[in-house]
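Peer 1: What follows is the residue order along each chain.
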Amino acid sequence: MNLVVFFVVAVVAVASALALVLRRNPIHGALFLVVNLGCVAVLYLLLSAEFLALAQVIIYAGAIMVLFVFAIMVLIPGKEETGPDPLRPQRLLALPLGAVLLLEIALILKSSVFQAAQPVAPPPALPAGAGGIETVGRLLLRDYLFPFEVTSVLLLAALVGVLALAKRKAG
Amino acid sequence: MDAALIPLLPLLVVGGTALLVIVLDLLPPRDRKGHLGVVALAGVVMALLVSLGLWGREGRAFRGMVVLDNFALFLDVVICYAAALVLLLSTDYLRRNDGERGEYYILVLLSTLGMVLMAAAADLIVIFLALELMSLSLYVLAGFFRGRLAAAEASMKYFLLGAFATGFFIYGIALIYGATGSTALDRIAAATRAGTRDPLLLVGLGLLLVGFGFKISSVPFHMWVPDVYEGAPTSVTAFIATGSKAAGFAALLRVLLSTFKVSQPDWTVLLWVVAVLTMTVGNVVAIAQSNLKRMLAYSSVAHVGYMLIGVVAGGALGAGSVLFYLLVYTFTTAGAFGVILLLERGRREAVDLDDYAGLAGRHPVLALTLALFLLSLIGMPPTAGFAGKFYLFGAAVRSGYIWLAVIAVLNSAVAAYYYLRVVVYMYMRDTEGLPTGPAPSFAGRLALAIALWGIFQLGLLPAPVLDLAQAAVAPLLR
Amino acid sequence: MEHVTLLMVFGLALLVAGAMMWLPTLLAPRRTSAAKVEPFECGKDPLALPEGRFAIKFSTVAIFFIIFDIEVMLIFPWAVQVRALGWTGYLAMLVFLGVLMLGFLYMWKKGGLEWD
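Listed in order, the protein sequences are those of chains E, C and R.
Residue 139 in our numbering sits at position 139 of the first sequence, with consecutive numbering throughout.
Residue 580 in our numbering sits at position 409 of the second sequence, with consecutive numbering throughout.
Residue 741 in our numbering sits at position 92 of the third sequence, with consecutive numbering throughout.
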């Protein structure tokens, strides 16, 4: 059952990612991105990373997509702004460079370093319910308490930054 | 005071000041914000004094995620000096450019907090958050003068490339976590000692180096530097050039020297090449610049190359010289940008080389000050630049990297050309339409005086500070 | 397998939404006239087509939304463990929210929520 769900979701995820890149209309692209993000959330669930799936839906498919759509609506190019891509010649380079990279990766994977290497530490065994929201809660407010509090300061900096850049002359 | 909070003291002072300034910004008077600068400055100076007072103490807080040692304290001092100089230079500059708003001081404090946290972080997640806190504030500060196209370009480029570099960084963290099962630096170190050369670990380290390379602007991750340095408000440029580099080197040194000590042969080879490329590209391209801010941007790239020599040399002398040079570089660069931001021509800032022709006739004191900072950047005795370079290159020779030292000395000779060119323009050319700066305010004069004191203090009596710097890196080398 | 219920909810949502879009094509009568295809059947003619640009203010609001969305999401893990975490957890959450509430106050007082 899990395997069936995985394959269905994975195919939809890849298809929507392709559609996102290939569609000319940016709004359609944004909608395909929502589909893609939703699929990835399901993949997280299959790995029983529940909190991650939740965050994916609430933050990415929810909040960040709203921002994307607004940004597209603000920037949607008028007729006068859609010219031919000035960097078109660079596309010729893309294929050979990509091929070289692929070759490099293949060579590295086949190299002796990779074959003979011993992992420095065995992957830690995950306890039951590791990705569950209860575990995350315990980790976040005990072991990772300090990063958690720093996050609030980071969000504060983001708030002040938005005000500094977006707000007209403060009254 | 709870003993467990002592390692956090410098952080709490800076962070608390940031929150205080937020509250004060909401209270009257609404039209003048100069007092916020004074409060911010007081907080930074307090953090500086606290750091000096804590010297020699060791401790950890929050399950070892934040560490207090001499290394963190030394860099706290460097960062707080940078922030204090920038704040002193800012108030007057902002008022002249109609950009005096409370958000500026808040963001400077928050990015200072990120830098101080980076120096004290002992967990990759904390390093990441500190990096983001610092960068996010700096992205906004770079575009703080919203009416200017160059500022918007600077902010946008800095943000896009910075976010991209952060992506590399966090990918590296993920791979290292995958290889060792931990993000804590000491546990990663223990895992690397147990078994080395796991390719996953090395790839992870490589990705981390990309992220750090961007923050300290080493070649080939220096593309953003000239545009950002040119477009950002000059006070912010000074902060990006000094504070964010010090913070980047702090985390880089801690990760390389203490966590990845086992892989030293691997990353030394890599950094050798990067150091040579960085100083050469920086110096050669700087020759072609006619805009002073861009010239100093490329020169700052070259100086990163010099500092990387110390990282390659390693050991107490090499790493200690890096810390010493960071302090020297902070005084010198903040001072040089501090003179530039005082000068105006017409209604714009005087940043072209031509603007400086004959400056010595009109503003003899400012011209002499700028000349001294430029001489320190060249590395002329008796300025601090000489002592700093002497220690760095000496460390390279001591560790057997003779060629690296030779290349660095050649580079310094090339660099002398473009620095001296500015001096020649100031003293030996005449032109009409000289830059007219308003008389520098007391704060501005104080900042330049402190920077001058710094380059002569460190230039004439470098040994005590170098001893402190070597003591500071000792905890990393244990 | 524990997420089958979730899958069922998704399926049901898909079914209902699909039905709502498909049923009218079967059931609704189609008698169009010139007046009916106009954007507003009564009232003024529209000045511009709706695919024009949005005001940038929308995106400012959207960014504020993201920031507080992240904040709210980080409350969930604490909420489900509130008893186990006890007073230390409560205190930690208070600091976290306190910093953000200060940011909220700042944004409010600085006019970040005003439309013009």
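Quick caveat, the hints were computed from the structure, so don't treat them as lab data.
A few of these clues could be false.
Stretch-level coverage of chain R by chain E, calculated; a stretch enters the list once three of its residues show a Cβ under 8 Å from a Cβ in chain E [said to hold, decoys possible]: (1) 667-675; (2) 746-759.
Quick list of in silico lysine to any residue cross-link-like pairs, SDA-like style, CA-CA up to 25 Å [as the list claims (entries may be wrong)]: (3) C:Lys432 / C:Ser353; (4) R:Lys706 / R:Phe659; (5) R:Lys706 / C:Asp437; (6) R:Lys706 / R:Trp757; (7) C:Lys328 / E:Leu165; (8) C:Lys328 / E:Ala130; (9) E:Lys167 / C:Arg358; (10) E:Lys110 / C:Phe339; (11) C:Lys432 / C:Arg358; (12) R:Lys758 / C:Val194; (13) E:Lys167 / C:Asn268; (14) R:Lys706 / E:Leu165; (15) E:Lys110 / C:Asp437; (16) E:Lys167 / C:Leu197; (17) C:Lys464 / C:Ala620; (18) E:Lys110 / C:Pro436; (19) R:Lys758 / C:Pro199; (20) E:Lys167 / R:Glu763; (21) C:Lys328 / C:Gly486; (22) C:Lys432 / C:Ala365; (23) E:Lys167 / E:Ala71; (24) E:Lys110 / C:Leu320; (25) R:Lys706 / C:Leu448; (26) R:Lys758 / E:Ala166; (27) R:Lys706 / C:Tyr588; (28) E:Lys167 / E:Leu67; (29) C:Lys464 / C:Tyr588; (30) E:Lys167 / R:Lys685; (31) C:Lys432 / C:Val374; (32) R:Lys758 / C:Phe316; (33) C:Lys464 / E:Leu165; (34) E:Lys167 / C:Leu320; (35) R:Lys706 / R:Phe725; (36) C:Lys464 / C:Ala610.
If the Cβ cut is set under 7 Å, some of the chain E residues that face chain R in the computed set are [what the hints assert, rightly or not]: (37) Ser16; (38) Leu18; (39) Val57; (40) Ile58.
Here a beta-carbon is modelled for each residue, glycine too, at the ideal position from N, C-alpha and C.
Peer 1: All the hints need checking, so say for each whether the structure fits it.
Peer 2: Okay, the hints, checked on the actual structure:
1. 667-675: violated (count 0)
2. 746-759: As far as the stretch 746-759 of chain R goes, the hint holds, because 9 residues have Cβ atoms under 8 Å from chain E.
3. C:Lys432 / C:Ser353: 17 Å, holds
4. R:Lys706 / R:Phe659: This hinted pair is violated, its Cα atoms lying about 33 Å apart.
5. R:Lys706 / C:Asp437: 50 Å, violated
6. R:Lys706 / R:Trp757: Within the cut-off at roughly 15 Å; holds.
7. C:Lys328 / E:Leu165: 15 Å, holds
8. C:Lys328 / E:Ala130: 39 Å, violated
9. E:Lys167 / C:Arg358: Not satisfied, since the Cα-Cα distance of roughly 45 Å exceeds 25 Å.
10. E:Lys110 / C:Phe339: The hint holds at about 24 Å.
11. C:Lys432 / C:Arg358: 13 Å, holds
12. R:Lys758 / C:Val194: Given that 25 Å is the threshold and the Cα spacing comes to 10 Å, the pair holds.
13. E:Lys167 / C:Asn268: With Cα atoms ~18 Å apart, E:Lys167 and C:Asn268 stay inside 25 Å; holds.
14. R:Lys706 / E:Leu165: 12 Å, holds
15. E:Lys110 / C:Asp437: Status holds; Cα separation ~20 Å.
16. E:Lys167 / C:Leu197: 15 Å, holds
17. C:Lys464 / C:Ala620: Within the cut-off at roughly 21 Å; holds.
18. E:Lys110 / C:Pro436: 23 Å, holds
19. R:Lys758 / C:Pro199: It holds: about 12 Å lies between the C-alpha atoms, which stays within 25 Å.
20. E:Lys167 / R:Glu763: 10 Å, holds
21. C:Lys328 / C:Gly486: 36 Å, violated
22. C:Lys432 / C:Ala365: 12 Å, holds
23. E:Lys167 / E:Ala71: 17 Å, holds
24. E:Lys110 / C:Leu320: Judged against 25 Å, a Cα distance of about 50 Å means the pair is violated.
25. R:Lys706 / C:Leu448: Violated - the C-alpha atoms of C:Leu448 and R:Lys706 are around 45 Å apart, more than 25 Å.
26. R:Lys758 / E:Ala166: Answer holds: R:Lys758 to E:Ala166 is near 15 Å, not above 25 Å.
27. R:Lys706 / C:Tyr588: 50 Å, violated
28. E:Lys167 / E:Leu67: 17 Å, holds
29. C:Lys464 / C:Tyr588: 16 Å, holds
30. E:Lys167 / R:Lys685: Answer violated: E:Lys167 to R:Lys685 is near 42 Å, above 25 Å.
31. C:Lys432 / C:Val374: 16 Å, holds
32. R:Lys758 / C:Phe316: With Cα atoms ~22 Å apart, R:Lys758 and C:Phe316 stay inside 25 Å; holds.
33. C:Lys464 / E:Leu165: 23 Å, holds
34. E:Lys167 / C:Leu320: 17 Å, holds
35. R:Lys706 / R:Phe725: Judged against 25 Å, a Cα distance of about 30 Å means the pair is violated.
36. C:Lys464 / C:Ala610: 21 Å, holds
37. Ser16: Status violated, d = 15 Å.
38. Leu18: 21 Å, violated
39. Val57: Status violated, d = 10 Å.
40. Ile58: 5 Å, holds
In summary, the numbered hints that this structure violates are 1, 4, 5, 8, 9, 21, 24, 25, 27, 30, 35, 37, 38 and 39.
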